[in-house]
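Could you put the whole structure together from the sequences, leaning on the hints where they help?
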Amino acid sequence: MIINHPLLGPRDSAEFTYMGDAKLIDRPDWQSDTAARDFYEYGYLRDNPAGWHNELWFHEQGDRSWLVVTRNTVTHEISKVELARDVARARGRSK
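Quick note: the sequence shown uses the numbering used here, first residue 18, plus one each step.
Calculated directly from the structure, the hints in this document are not laboratory data. Treat the hints with caution; some may be incorrect.
Simulated crosslink set (EDC-like; lysine to aspartate or glutamate; CA at most 20 Å straight-line) [to be verified]:
#1 97 <-> 72
#2 97 <-> 80
#3 97 <-> 58
#4 97 <-> 38
#5 40 <-> 99
#6 40 <-> 29
#7 97 <-> 29
#8 97 <-> 32
#9 40 <-> 103
#10 40 <-> 72
Written out as structure tokens, the structure is:
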């Protein structure tokens, strides 16, 4: 599988480590009244979709960047690759 890195161009997926659902970017508020439940769900409950899914990938054998890869889990087709930093900023999670 080839991942088209936004900065480095096409790279073999062997250079990357799959790190799970991209929803991990949206860390719960530790001060909320439901923080215990929210962190339990954040840490332990995961969707296992068949079809399009946003995933976190870490470029371990390269520039060590984090990517959000939109991939079809049935066909392994990749439709979009973004820097996780940019996704987090767009969601208001970072400066």
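Hints versus structure:
1. 97 <-> 72: 11 Å, holds
2. 97 <-> 80: 19 Å, holds
3. 97 <-> 58: 26 Å, violated
4. 97 <-> 38: At roughly 15 Å apart (the allowed maximum being 20 Å), residue 38 and residue 97 satisfy the hint.
5. 40 <-> 99: 14 Å, holds
6. 40 <-> 29: Distance ~24 Å between residue 40 and residue 29 Cα, so the pair is violated.
7. 97 <-> 29: It holds: about 15 Å lies between the C-alpha atoms, which stays within 20 Å.
8. 97 <-> 32: Measuring from Cα to Cα gives roughly 18 Å; hence the hint holds.
9. 40 <-> 103: Since the Cα atoms of residue 40 and residue 103 sit roughly 14 Å apart, the hinted pair holds (cutoff 20 Å).
10. 40 <-> 72: 8 Å, holds
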